[in-house]
Amino acid sequence: MVGGAERHQYARISTSAKTGGGLATITLTVPTLRAASSASVRQDTEIWMESVDSVVRDYYYYYYYYYYYYYDYFYYYYYYYYYYYYYYYFYFYYYYYYYYYYYYYYYFYYYYYYYYYYYYYYYYYYYYYYYYYYYYYYYYYYYYYYYSRFYYYL
Numbered sequence: 013m014v015g016g017a018e019r020h021q022y023a024r025i026s027t028s029a030k031t032g033g034g035l036a037t038i039t040l041t042v043p044t045l046r047a048a049s050s051a052s053v054r055q056d057t058e059i060w061m062e063s064v065d066s067v068v069r070d071y072y073y074y075y076y077y078y079y080y081y082y083y084d085y086f087y088y089y090y091y092y093y094y095y096y097y098y099y100y101y102f103y104f105y106y107y108y109y110y111y112y113y114y115y116y117y118y119y120f121y122y123y124y125y126y127y128y129y130y131y132y133y134y135y136y137y138y139y140y141y142y143y144y145y146y147y148y149y150y151y152y153y154y155y156y157y158y159y160s161r162f163y164y165y166l
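All the letters of the sequence shown, read from the start, carry residue numbers 13 to 166 under our numbering.
Hint data in this document are derived by calculation from the structure and do not stem from the laboratory.
Treat each hint with caution, since some may be false.
[Unchecked claim] Derived CB-CB ranges, DEER-like:
{"id": "1", "residue 1": "Val64", "residue 2": "Tyr91", "range": "39 to 45 Å"}
{"id": "2", "residue 1": "Tyr126", "residue 2": "Tyr146", "range": "51 to 57 Å"}
{"id": "3", "residue 1": "Tyr123", "residue 2": "Tyr99", "range": "33 to 39 Å"}
{"id": "4", "residue 1": "Tyr155", "residue 2": "Tyr133", "range": "28 to 34 Å"}
{"id": "5", "residue 1": "Tyr125", "residue 2": "Tyr154", "range": "41 to 47 Å"}
{"id": "6", "residue 1": "Tyr72", "residue 2": "Tyr97", "range": "42 to 48 Å"}
{"id": "7", "residue 1": "Tyr157", "residue 2": "Tyr122", "range": "50 to 56 Å"}
{"id": "8", "residue 1": "Tyr123", "residue 2": "Tyr83", "range": "57 to 63 Å"}
{"id": "9", "residue 1": "Tyr99", "residue 2": "Tyr76", "range": "52 to 58 Å"}
{"id": "10", "residue 1": "Tyr152", "residue 2": "Tyr125", "range": "36 to 42 Å"}
{"id": "11", "residue 1": "Arg54", "residue 2": "Phe86", "range": "45 to 51 Å"}
{"id": "12", "residue 1": "Val64", "residue 2": "Phe102", "range": "55 to 61 Å"}
These figures come from a predicted structure and were not determined experimentally.
All C-beta atoms, glycine included, are put in the ideal place defined by N, C-alpha and C.
Build out the structure end to end from the sequences listed, making use of the hints.
Below you can see the structure in the form of structure tokens.
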């Protein structure tokens with residue numbers, strides 16, 4: 013096995029993709045074989061294969077977390093707008109019932125003064141007829157008195 017620095021000398025994910033520059037690309041470099049023993053060729057081949065394996069895994073991990081991030085991003089905004097939808101929904105019904113209550117408040121307020129007015133209206137006419145009742149009662153006895161005196165003097 014070889015170290016991380018050695019792995020990435022032959023294969024890498026393009027830097028622009030990691031910083032949001034578009035689709036990621038894998039860049040592979042074929043190593044120059046050393047004209048030496050079969051051990052050096054085997055070591056270079058091992059480094060190249062492990063480098064490719066590492067970068068391919070990084071490539072898929074990158075896209076896995078990329079889509080995982082955007083999944084959470086849209087999931088968050090879905091519930092964000094979902095929340096505000098119900099927020100304005102209940103806001104609307106709050107003001108609906110507020111004006112509904114306000115309307116009936118003045119409705120009963122109006123009828124309160126309506127009956128209040130008729131109460132004094134009939135109260136007034138009660139004393140009006142009460143007054144005229146005693147008025148005629150008074151004149152009845154007034155004429156009765158003078159009629160009796162006139163009858164007496166005859």
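Inset, instruction - Indicate whether the distance between the beta carbons of Tyr123 and Tyr99 respects the range 33 to 39 Å. - result: The hinted range 33 to 39 Å holds for Tyr123 and Tyr99, with Cβ atoms some 36 Å apart.
Inset, instruction - Go ahead and decide if the range 50 to 56 Å is satisfied by the Cβ distance of Tyr157 to Tyr122. - result: Distance hint for Tyr157, Tyr122 holds at roughly 52 Å.
Inset, instruction - Note whether the CB distance of Tyr125 and Tyr154 lies within 41 to 47 Å or breaks it. - result: holds, 42 Å
Legend entry - Satisfaction of the hinted span 45 to 51 Å by the C-beta atoms belonging to Arg54 and Phe86: holds, 48 Å
Legend entry - Whether the CB-CB distance between Tyr152 and Tyr125 falls inside 36 to 42 Å: holds, 40 Å
Legend entry - Range hint 52 to 58 Å (beta carbons of Tyr99 and Tyr76) holds or violated: Once the Cβ atoms are compared, 34 Å apart, the range 52 to 58 Å for Tyr76 and Tyr99 is violated.
Legend entry - Verdict for Tyr72, Tyr97 (Cβ pair) under range 42 to 48 Å: Check failed, 36 Å falls outside 42 to 48 Å.
Inset, instruction - Could you tell me whether the CB distance from Tyr155 to Tyr133 stays inside 28 to 34 Å? - result: holds, 33 Å
Inset, instruction - Look at the Cβ atoms of Val64 and Phe102 and judge whether their distance stays inside 55 to 61 Å. - result: Hint holds: Cβ distance 57 Å, inside 55 to 61 Å.
Inset, instruction - Just tell me: holds or violated, for the beta carbon distance of Val64 and Tyr91 against 39 to 45 Å? - result: Holds - the Cβ-Cβ distance for Val64 and Tyr91, about 41 Å, lies within 39 to 45 Å.
Inset, instruction - Note whether the CB distance of Tyr126 and Tyr146 lies within 51 to 57 Å or breaks it. - result: 31 Å Cβ-Cβ, so the 51 to 57 Å window is violated.
Legend entry - Verdict for Tyr123, Tyr83 (Cβ pair) under range 57 to 63 Å: holds, 59 Å
Hints 2, 6, 9 from the earlier list are contradicted by this structure; the remaining hints agree with it.
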